[in-house]
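Protein chains in written order, with my numbering: chain P, 1 to 260; chain V, 1001 to 1260; chain Y, 2001 to 2306; chain L, 3001 to 3306.
No lab work stands behind these hints: they were computed from the structure.
Among the clues, some could well be false.
[Stated by the list, open to error] Quick list of in silico lysine to aspartate or glutamate cross-link-like pairs, EDC-like style, CA-CA up to 16 Å: (1) Y/Lys2190 with Y/Asp2220; (2) V/Lys1180 with L/Asp3220; (3) Y/Lys2002 with V/Asp1051; (4) V/Lys1180 with L/Glu3099; (5) P/Lys128 with Y/Glu2089; (6) P/Lys180 with Y/Asp2141; (7) L/Lys3002 with P/Asp51; (8) P/Lys180 with Y/Glu2089.
[What the hints assert, rightly or not] Between beta-carbon pairs, the in silico distance windows are: (9) V/Ser1221 with L/His3015: 55 to 63 Å; (10) P/Lys161 with L/His3015: 45 to 53 Å; (11) P/Lys260 with Y/Ala2263: 31 to 39 Å; (12) V/His1173 with L/Asp3141: 44 to 52 Å; (13) Y/Lys2067 with V/Val1229: 50 to 58 Å; (14) Y/Gln2040 with L/Gly3079: 57 to 65 Å; (15) Y/Asp2147 with L/Ala3281: 54 to 62 Å; (16) Y/Asp2147 with P/Arg201: 23 to 31 Å; (17) L/Ala3256 with V/Gly1213: 44 to 52 Å; (18) Y/Gly2017 with P/Arg201: 51 to 59 Å; (19) L/His3015 with Y/Asp2147: 46 to 54 Å; (20) Y/Gly2044 with P/Leu233: 55 to 63 Å; (21) L/Asp3147 with Y/Gly2306: 44 to 52 Å.
Quantities reported herein were computed from a predicted structural model and do not represent experimental measurements.
A virtual CB, placed ideally from N, CA and C, is assigned to each residue, including glycine.
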Amino acid sequence: MEPMDRMFAYTPSEMMIATAARALEGERVVFVGVGLPNIACNLAQRTVSPDLELVYESGVFSARPARLPLSIGDPTLVSCATSVVGMADLFMNYLQGGRIETAFLGAAQIDRCGNLNSTVIGDYQNPKVRLPGSGGACEIAIHARKIYIIMPLSKRSFVEKLHFITSPGHVSHMPGERVKLGMPGSGPQLVITNQAVFEFRNGEMTLYSIHPGFTVDEIKSEVAWPLKVAADLQTTLLPSDDELRIIRKELDPDGIYTSK
Amino acid sequence: MEPMDRMFAYTPSEMMIATAARALEGERVVFVGVGLPNIACNLAQRTVSPDLELVYESGVFSARPARLPLSIGDPTLVSCATSVVGMADLFMNYLQGGRIETAFLGAAQIDRCGNLNSTVIGDYQNPKVRLPGSGGACEIAIHARKIYIIMPLSKRSFVEKLHFITSPGHVSHMPGERVKLGMPGSGPQLVITNQAVFEFRNGEMTLYSIHPGFTVDEIKSEVAWPLKVAADLQTTLLPSDDELRIIRKELDPDGIYTSK
Amino acid sequence: MKLNTMSDAIAKYVHNGDTIAIEGFTAFICFAAAHEILRQKLEGLTICRMTPDLIYDQMVAAGCVKKMVFSYLGNPGVGSLHCIRRAIENGIPNKIEIEEYSHFGMVGRYMAGAAGLPFFPLKSYLGADLAEVNPNICFVDNPYGKDRVAVVPALNPDVAIVHAQRCDRQGNTQLWGLIGMQKEVAFAAKHVIVVVEEIVLEDVIRSDPNRTLIPHIVVDSVVHQPYGAHPSYVQGYYDRDNKRYLAWEKVSRDQAATEAWLAEWVFGVDNWEGYLARLQAEEPNIWDRLAPGSAPSQPVNYGTYG
Amino acid sequence: MKLNTMSDAIAKYVHNGDTIAIEGFTAFICFAAAHEILRQKLEGLTICRMTPDLIYDQMVAAGCVKKMVFSYLGNPGVGSLHCIRRAIENGIPNKIEIEEYSHFGMVGRYMAGAAGLPFFPLKSYLGADLAEVNPNICFVDNPYGKDRVAVVPALNPDVAIVHAQRCDRQGNTQLWGLIGMQKEVAFAAKHVIVVVEEIVLEDVIRSDPNRTLIPHIVVDSVVHQPYGAHPSYVQGYYDRDNKRYLAWEKVSRDQAATEAWLAEWVFGVDNWEGYLARLQAEEPNIWDRLAPGSAPSQPVNYGTYG
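Turn these sequences into a full structure, and let the hints steer you where they fit.
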């Protein structure tokens, strides 16, 4: 079956979710937000990582939601969790204490080192668009052992220079910059988009895997800097029938997050 | 009735307890240890301060013990308390957070400024007698708004120079020394002994009230430094019949703490 | 007497120019208190919350806010906080000063405030821009190594308003579910108003002392206000009214529509009971729709000793 | 498989020269683990505890301790810890190094250890002598004022042994009563052995998630050891055996008597079951005497949502 034949058999969101879920193979403790990362983690639990533990920023550990949570603070996450703690414990003992192996982040802007902006478009003091700000993202970026970034590919987002650094990635091209700044985590590992997957090589975002139906040039045109392409460039595996079935029947039956 | 007639109607412990209980009039939140302070606080609740709240260093708030507690960690203090918290909350939010109005301390040695030693007799590195050490005493002495000290009067204890400062009192004769060191509490207010009560005037322990049956000279002879005597020297009020009845019938019916 | 009406509690403890914190992470958000503050026409407030949520969106839109201290601006699971964006981006209805942290920064500020510490240390902010725009974020040298550690200053609000499931008449307060920073903000504040779904007998509190996160000695006023956190939720009592979070997304896009909403739902009623009556008129079965099923905790034995 | 015998758990996680913490403030003191460490003839240990209590008095007397980190030396409510005094005052059976803090200092060390901070700040030690004899107590300048604040370094034991009422087979652990520093020491340690009175089904744990202070991800080994904290106590399970605390006051005054006691009660049995059998032989109705009455917590509703 050719990629093009399947182009309408899955949505871009489903592609991102399946890719993210596979990246979680072998991971043990993952920090999740709502939306795509949440679905990806749940998919991983049902496929490659049955023992994966989900920690929510709201302080919930090992939730067993009876419905698709509306937010990370949904009461359905609390009932029947194994542990629910306050914010102080969450940030002190779980996150800064180094217990979180993997976390997902997204942002409005990303640069080639994987630094993220979710604070402001324009000048901080006189913003064009005021975005949500850090929340826990700055500390997640610093402390989680690995960061996976999920965001749609677009030239407006993949920029040469961020308007504001909310969450540090690899900071700069200087090797060991994170270590020098005392950051325990190893920073962004993957950027999973609707068109391709990027890895970081020597701290620089590098095109590593293209989703079927897209070309290197198309992808380069959505990135504001001269994009490096891996010599061992891959084609991203499609979501399997099993993965699609779990997403559609179990995880997001109303298509709230995955219909597009 | 003359004091001498009553000399055997009460024990020195009962005298100290009654004196301490009266000092708690108008106090709201008191930090207690076991033994005499605990009984004094319970007596105050039944007499001068019905709304007095007892906080135990073990993390227990507003206990309702069904028996005389064996230690501050007795399980009878936990059952039916209004709140029981961990050590972190106790020291951070209750004590350092300034919620404790009054606390009782004792020690092996005290100096004229109310500094206390409960760490060592002799040299710290090569001790003659190794004592318990601070526990929470150092922070209690710094943070509780007022400190009441209970200890038996003796020249071995009321010394010119401590072998070790475990818990700061008024530190030195320099006025404002506590403020300069950033101590929120106002330091020792009273030293309640088996023979007399001392106040601090300009940071110096001053004989303020003599228990019936003792003389100024007797008391001076038990203090290693030239003791100041208040111009308005008082005679300590005896334990009332009511107080004695509560101590003996309700608070320490077996006389564990009060028979001597 | 600690038991007050919301109106009396706000009148007594909240003043023009005060710094207030109405906390609650997604849950326990005391809209009843915010609306009463608006009705009492308080002005020039500094409002602190990790996640300003709809509650501060409404307060900012009403024009009573001088400054906001926060760490995440969002309508959780829905979208933007349009009123706050209007104030920041366009000065409507007035320009507000902002003081911004990350979540952990706000956590540290409340912890230091509760604990009587001048600052709280955290490993954050290096490599990011927040410390550049917020001079309150500082760094100290680690005396045990060669690194530097970020510190944030204590936050001690004049008033904290803390919603919870239950307390006794003295204010000994128990909460469960997403406890967030409710304990720390209560210890950090100079005055505390506790708002609960239920007033229970002291014996209920005493049957489970480890669940009492806020002792009465830090509580100035107790308000019994069932459903006082609507449209947010209280674990075990009612669900989040997501329909109304979604509705706010539309209303709040326009200042005039927002003011009309405030005129109807806040200024058009006398008190929270009035708000609830209007709500029930609009949707008679609302509390059935939002009622959770039963999931009781299994009891533990504290034992009797004596 | 996390569920181990005490013997296997100690053999696997505790090594000669390790820094260990067996915590528990008056309650939850895991004598079963200490005795097993002695039976396995471990050496050169650094032992950390706020209140060394009888448990470390016994370990010091047995000669396996190189260094002790602590904040209060006492037999609570009874008197001195004579074995530790002998070691400090007279080097019997061996000189031990001591590193001493106040309670709050130890609390701060565990908190920093748990939280991945290099240090923890506290307002203490100025005006007192402890910082003079312990160079690990430092001071940093407060960037928001002119004062200095004491700091203590993180404590990250190689192994923490944490006693509790119950956990599930994965190690999700619930405790109530005097929770002390059990949570923080578990998060601070590199390896954690949880010792419980009861192993319960995961559903019991999940019925009250706020009660779970230690999640399974920090637990390496689970040991089911009923009465493992005797002669200390476990809230709701058994009372403190004060008779035996008083008896120790006499035994421990003499090194030979102490060694005879250890020979009989520690080395003379194969495991904790042997200790308990000997105890029951000496006092057949001991568990009746120490059994508390029933005082169940009133349940709370977490609600079902879905």
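- Message: Need the status of pair P/Lys180, Y/Glu2089: alpha-carbon distance at most 16 Å?
- Response: Judged against 16 Å, a Cα distance of about 36 Å means the pair is violated.
- Task: Take a quick look at whether V/Lys1180 and L/Asp3220 sit within 16 Å of each other, Cα to Cα.
- Result: Since the Cα atoms of V/Lys1180 and L/Asp3220 sit roughly 47 Å apart, the hinted pair is violated (cutoff 16 Å).
- Cβ distance range 44 to 52 Å for L/Ala3256 and V/Gly1213, holds or violated: 46 Å, holds
- Query: Range hint 45 to 53 Å: satisfied by the CB atoms of P/Lys161 and L/His3015?
  - Reply: 52 Å, holds
- Satisfaction of hint between Y/Asp2141 and P/Lys180, Cα-Cα up to 16 Å: 14 Å, holds
- Message: Given the hint of 55 to 63 Å, is the C-beta distance from Y/Gly2044 to P/Leu233 inside that range or not?
- Response: Holds - the Cβ-Cβ distance for Y/Gly2044 and P/Leu233, about 59 Å, lies within 55 to 63 Å.
- Task: Starting from the hint 51 to 59 Å, judge whether the C-beta atoms of Y/Gly2017 and P/Arg201 obey it.
- Result: 54 Å, holds
- Proposed proximity, Y/Asp2220 with Y/Lys2190 (alpha carbon, max 16 Å): Status holds; Cα separation ~9 Å.
- Okay, L/Asp3147 versus Y/Gly2306 on CB: inside 44 to 52 Å? Between L/Asp3147 and Y/Gly2306, where Cβ atoms are some 46 Å apart, the hint holds.
- Message: For P/Lys128 and Y/Glu2089, compute the direct alpha-carbon distance and say whether it is at most 16 Å.
- Response: It holds: about 7 Å lies between the C-alpha atoms, which stays within 16 Å.
- Cβ-Cβ distance between L/His3015 and Y/Asp2147: within 46 to 54 Å? Violated - the Cβ-Cβ distance for L/His3015 and Y/Asp2147, about 29 Å, lies outside 46 to 54 Å.
- So does Y/Asp2147 sit 54 to 62 Å from L/Ala3281, Cβ to Cβ? 57 Å, holds
In terms of the numbered hints stated before, the structure departs from hints 2, 4, 8, 12, 19, listed from lowest to highest.
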